[in-house]
Amino acid sequence: MKYEAVILMVLFSFISVAQSEVVGKIKTEIIAQKELAYVLHIPITTNEKKPLIIFLHGSGEKGTDIEKVKIHGPFKYLKNHQIDAFILAPQCPENQYWDEEVLYHLILKIQKENNIDSNRMYLTGLSLGAWGAWNLIFAHPETFAAFVPIAGFVDRIPMIENCKIAAIPTRIFHGLLDDVVSVDNSIAIYKKIKTCSSTISLTIFDDANHDSWSRVYDNQEIYDWMFKQTKKEKK
1 MKYEAVILMV
11 LFSFISVAQS
21 EVVGKIKTEI
31 IAQKELAYVL
41 HIPITTNEKK
51 PLIIFLHGSG
61 EKGTDIEKVK
71 IHGPFKYLKN
81 HQIDAFILAP
91 QCPENQYWDE
101 EVLYHLILKI
111 QKENNIDSNR
121 MYLTGLSLGA
131 WGAWNLIFAH
141 PETFAAFVPI
151 AGFVDRIPMI
161 ENCKIAAIPT
171 RIFHGLLDDV
181 VSVDNSIAIY
191 KKIKTCSSTI
201 SLTIFDDANH
211 DSWSRVYDNQ
221 EIYDWMFKQT
231 KKEKK
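Quick note: the sequence shown uses my numbering, first residue 1, plus one each step.
It is worth saying that the hints were derived from the structure and are not from the lab. Computed from a predicted model, the values in this text were never measured in an experiment. Yeah, the Cβ is synthetic: ideal placement off N, Cα and C, and Gly gets one too. There may be inaccurate statements among the hints.
[Unchecked claim] Straight-line Cα separation of at most 20 Å, SDA-like style, residue types lysine to any residue; simulated pairs:
1) 194 <-> 141
2) 49 <-> 110
3) 192 <-> 208
4) 34 <-> 116
5) 68 <-> 49
6) 231 <-> 82
7) 79 <-> 97
8) 231 <-> 68
9) 228 <-> 156
10) 109 <-> 37
[Said to hold, decoys possible] Computed beta-carbon distance windows for the label pairs:
11) 218 <-> 40: 34 to 42 Å
12) 38 <-> 79: 15 to 23 Å
13) 94 <-> 40: 37 to 45 Å
14) 199 <-> 139: 25 to 33 Å
15) 26 <-> 176: 26 to 34 Å
16) 24 <-> 214: 20 to 28 Å
17) 113 <-> 191: 36 to 44 Å
18) 161 <-> 95: 53 to 61 Å
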């Protein structure tokens, strides 16, 4: 019995010494180079400051053919109409997704190089572009005067930070018959933001599938509405 007690004491002593903790910190910097092609429409006259519309395309327009960004949205409308504003349409590279920080730095570059009214910058996007636009506006809500996401979906973070964009006039559009991105996505984020915003609306087209954007972008009404919106300066 004495020998057993000694063995047990040695064993417990070994276990006690073997268990330990390390508490530390690491500070590192990761630098990644990103490239983003874009098209910028410049209005006929730029003597005075003009609004800027940022348009984010869907997944079908990814790649290196920059002409694809003109298939839908404001650039399609420009083929037969005039818009008295700068219009920026970046192109998401193939096998990548919209990066809100790259987009934000692009906007700063365009803003710096052109006579743009910083109080009248508007963000819109369709499908994957609406997803990217949701992420961008939640990352930098101070940048935009109005927001128009179409047929999009929303990540978890914007869902729990819904009131960050409560002051930004927002018009959400979606097709009831959408079999690519469920209309439930737009309904859910609308309900979340509606709890703290009086400037948000949701339009559901009963007869539209995924392409609920053509009737929005092909109509002068959405541009007129955007141009009436001015960013609310913080007091």
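Need the list of violated hint numbers for this structure, in ascending order. 3, 4, 5, 6, 7, 8, 9, 11, 13, 14, 15, 16 and 18
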